[in-house]
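Colleague: Numbering (the numbering used here), first residue to last: 1 to 412.
Treat each hint with caution, since some may be false.
[As the list claims (entries may be wrong)] Pair ranges (Cβ atoms, derived):
1) Glu79 to Pro128: 20 to 28 Å
2) Thr173 to Asp315: 18 to 26 Å
3) Ser114 to Gly313: 29 to 37 Å
4) Asp157 to Thr363: 29 to 37 Å
5) Thr363 to Thr154: 20 to 28 Å
Note that these hints are calculated values from the structure, not bench results.
The beta carbon of each residue, even a glycine, is placed where N, CA and C say it ideally should be.
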Amino acid sequence: MTVTSTWDAMDLANTLFLNSPGTLIQDAEIWQSGPQAGVFGNGSGTYGLPQSGIVLSSGSVDAYGDGPNSGPSMSYSFETPATDEQHELLAPITGQDSHFDVVQLTIDFIPSVSSMTFFSTFGSEEWPEYAGSSFTDGFGLYVNGVNVAGAVPTGGDTPLAININHPDMTAFTGTELDGVLAPEGNPVLQFDVPVVAGQLNTFDIILADAGDDGYDTTAYISSFVPSPGGGGTVNDGSSEFAALLPDNPPDPETGAFVITLPEPPVEDVVVWIDPPVAVGYTYSVTDAYFDTITAPSLAAVPDLDGYMISVGGFDFALAAAQTLDLSALGLSNVSEFVLSGIDPSLMLDPGDTLAFPLGASFTGIGDNVAVTMMPTVIDYEPDISPVPLPGGTPLLLTGMFGLGLLRRRNRG
């Protein structure tokens, strides 16, 4: 993960709303006493977060790129107390009466949807030494004055505030953070955010040290996206959250799905599509070669075990959001690989609007690139061992120079 600090509030706002088409940002302000805000790139798949987003910290964000944790707890003290207005936002989250080293991003925006989705990984250097103490560093996400950030604990049913006393704080390999909040083992939190479509909304992200100004707390925050049923979703293939859907039912004789691609396709631009239900795929390409393969993030689907890529007689584990660079591994002219290990309990459904993307880039591109996806399907019911069935009919995708492959999970 790469982190670049910035004082540009509009840059932060534009990064946060990157995948929210139709959102109009009216104004943005950042409160920080040092390099406490920045943008991140996540080609390494750290924590299973999406490929880009913003990061806020009560310390220096420059310290929270790639890890794993290799040293003592970091502590950047800016000795800046919270304002009265900031304390009012933080007190319900931390339960404390003093806060320091606040970082706060305020955005005024007009959305085209009535609901948006937000992803975050929250961690702290306070954990575990100060868990249960008065140093309850915390994080809030206020929309029009209401905090919508909470996490249901493992085995529970009521969301708890995002702070270091949450029972699901745990050691989790990723960056320099000592502890990360990971309910059910998933370090990527999801918040569904109600907004008022067509009107001005105010959004505040706020994070701070509580009780003192020592030891840092950090949150990585990915893009907002239109939520299913929120309206305004444009399935144009431009992102993992707006994938192209099959434009007709499967052929009654062959079972083939047809997906219409944007015309003309643009080289090096990833297109996201929605394939049929499967637990794995054999991918092959003609008139080009596979160059990189990128797994979906945990923000898209909580498949914690990752996947296996079989190519050229070798097997490679691929974690959530991780990119496998075939050429860097000495594998050239790759025209076929097998992906396996998709969790069958996800009950993938092409009609669901929650994305599960797989990305691919290409080299040696010719004039008539075609990609075929042969799904591996199973007869699966919950609590019953899956029984493999014969491979399904291939999906044929033509004229595509970059692609991402999207799966959906049945929420019903």
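Colleague: State for each hint whether it applies.
Modeller: These are the hints, each one checked on the structure:
no., hint, result
1, Glu79 to Pro128: 20 to 28 Å, "25 Å, holds"
2, Thr173 to Asp315: 18 to 26 Å, "22 Å, holds"
3, Ser114 to Gly313: 29 to 37 Å, "51 Å, violated"
4, Asp157 to Thr363: 29 to 37 Å, "49 Å, violated"
5, Thr363 to Thr154: 20 to 28 Å, "43 Å, violated"
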